[in-house]
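Whenever a hint applies, use it, and build me the whole structure from the sequences.
In order, the protein sequences belong to chains A and B.
Here the first sequence is numbered in numbering that gives the first Met the number 0, starting from 0 and rising by one per residue.
Here the second sequence is numbered in numbering that gives the first Met the number 0, starting from 0 and rising by one per residue.
Derived by calculation from the structure, the hints in this document are not laboratory data.
Treat each hint with caution, since some may be false.
[As the list claims (entries may be wrong)] Label pairs and their in silico Cβ distance ranges:
| # | chain 1 | residue 1 | chain 2 | residue 2 | range |
| --- | --- | --- | --- | --- | --- |
| 1 | A | 120 | B | 138 | 21 to 29 angstroms |
| 2 | A | 114 | B | 86 | 43 to 51 angstroms |
| 3 | B | 147 | A | 133 | 30 to 38 angstroms |
| 4 | A | 97 | B | 159 | 35 to 43 angstroms |
| 5 | A | 73 | B | 138 | 30 to 38 angstroms |
| 6 | B | 93 | A | 36 | 49 to 57 angstroms |
[Claimed, not checked] DSBU-like mimics (lysine-lysine), calculated; alpha carbons at most 35 angstroms apart, straight line:
| # | chain 1 | residue 1 | chain 2 | residue 2 |
| --- | --- | --- | --- | --- |
| 7 | B | 251 | B | 33 |
| 8 | A | 100 | B | 155 |
| 9 | A | 43 | B | 161 |
Note that CB positions come from ideal geometry on N, CA and C, so glycine has one too.
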Amino acid sequence: MATMNILVATVEREVYRGEADFLAAPGVSGELGILPRHCPLMAKLTSGELRIQLGERTDEVFVSGGFMEVQPDMVTVLADSAERAADVDEAAALEAERNAKALVESRQGETDLARAEAELAIASARIAWLRKKKKH
Amino acid sequence: MASAKEIRGQIKAIQNTGKITKAMEMVAASKMRKAQQQVIDARAYAEGIRRVIANLMQAHPEYRHPFITPRDEVKRIGLIVISTDKGLCGGLNTNAMKKAVQVLKSVDVAADVMNIGRRGGMFMRRCNVPIIGSVENINDQPSMDEILGVVQVAMKHYLEGKLDEVHLVYSEFVNTMTQMPVASRLMPCPMPEEETHGGYWDYLYEPDSKEVLEGLLQRYIESLVFQGVLENKACEHSARMVAMKAATDNAKSIVRDLRITYNKARQAAITQEIAEICSGAAASA
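Here's what the structure looks like:
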């Protein structure tokens, strides 16, 4: 079966590079499943899980937004921030959520509030993902 | 000639300075390795986004964003100057500032400056150029959050039409001995080299082309600036390492010269003393 090349990167580092025969990405309006030889697609991503499958193996990467470009043989994910499943520490995620909540509650000005809400959404998404992971 | 005691004091002082510069050299060397690694780590994203944008330009999207459309008349330009926060790094900032001045002089119109790094800000204030955005004290491992503010200011002014072009000046890391100041145009975006596959095609956009393109171009510009900041950090540490090495070597050679002078002075004092004793003995005999 055909495979496609995957590159997942944030501005700071390369998170994942390799081949895959299936990719599921969290698009803003629903999950997107990509198979090799997909037609060119440019999608905005929301915070959630990126599943990369190659044969029996599945790799998971948490992204908190960004963009994905799909070419027939190549998928480039430009994530705003991304973590491999093994990197995410639940304690750290909970801490981030607490901080974000505190910021929303103390609300200082419009811009701060918008930023805090965005942070809170990401932190909650990350925790939900970790919980789901644990049940399996 | 200075007395032996004075020279001894001088030797001590210069030796201490040498120790400090030696320590700074070693600190800079270790920071340089980290900074270089960070530049390499960040390359994947830069390459990815460059490829995506190049593809995008070929795809002839129906929506033309102001970030990629050059304006007919340029009335005012913006300049983002990336420099270091601290000195003691040789001619690095001086060379970058020369480049910045060159850019400012090459256009006939007025300019606003945004600075990333304290040195550039100080220089531009002395030149009486209006500064509209500034971020200082960048972490040794820079993060995107730190520079976003300045980039936002640049984009806002550009979109509002207060600036018609935005340029970027920073030092590029060539190797440990060589850093090159570079200037490039940030907005309207310089387009990556196109290799045409021919034929008309376009992407599917999700949710729609406007939102995707806007977000992507914004990130492209941000990543260009971020790359500049990382490169500049690597330059800063390597330039500092080289400068401190030169200072340590200088301190050593001054100490060597002073030591000879000191020995001569001591010798002269002894000779004189013996001569005095001898002549005293001769007189009393």
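Hints, one by one, checked against the model:
Look at residue 120/A against residue 138/B: about 26 angstroms separates their beta carbons, and that is inside 21 to 29 angstroms. Checked against the hint of 43 to 51 angstroms, the pair residue 114/A and residue 86/B fails, with Cβ atoms roughly 34 angstroms apart. Here the CB-CB span from residue 147/B to residue 133/A is close to 34 angstroms, well matched to the stated 30 to 38 angstroms. For residue 97/A and residue 159/B, the Cβ-Cβ distance of about 38 angstroms falls inside the hinted range of 35 to 43 angstroms, so the restraint holds.
Against the hinted window of 30 to 38 angstroms, the Cβ-Cβ separation of residue 73/A and residue 138/B comes to about 34 angstroms, which satisfies the hint. Taking 49 to 57 angstroms as the suggested C-beta distance range, the pair residue 93/B and residue 36/A conforms, at roughly 54 angstroms. Taking the CA atoms of residue 251/B and residue 33/B, the gap is about 29 angstroms. The hint holds against a cut of 35 angstroms. Between residue 100/A and residue 155/B the CA atoms are separated by roughly 29 angstroms; this keeps the pair inside 35 angstroms, and the hint holds.
The straight-line distance between the Cα atoms of residue 43/A and residue 161/B is roughly 29 angstroms, inside the 35 angstroms bound, and the hint therefore holds.
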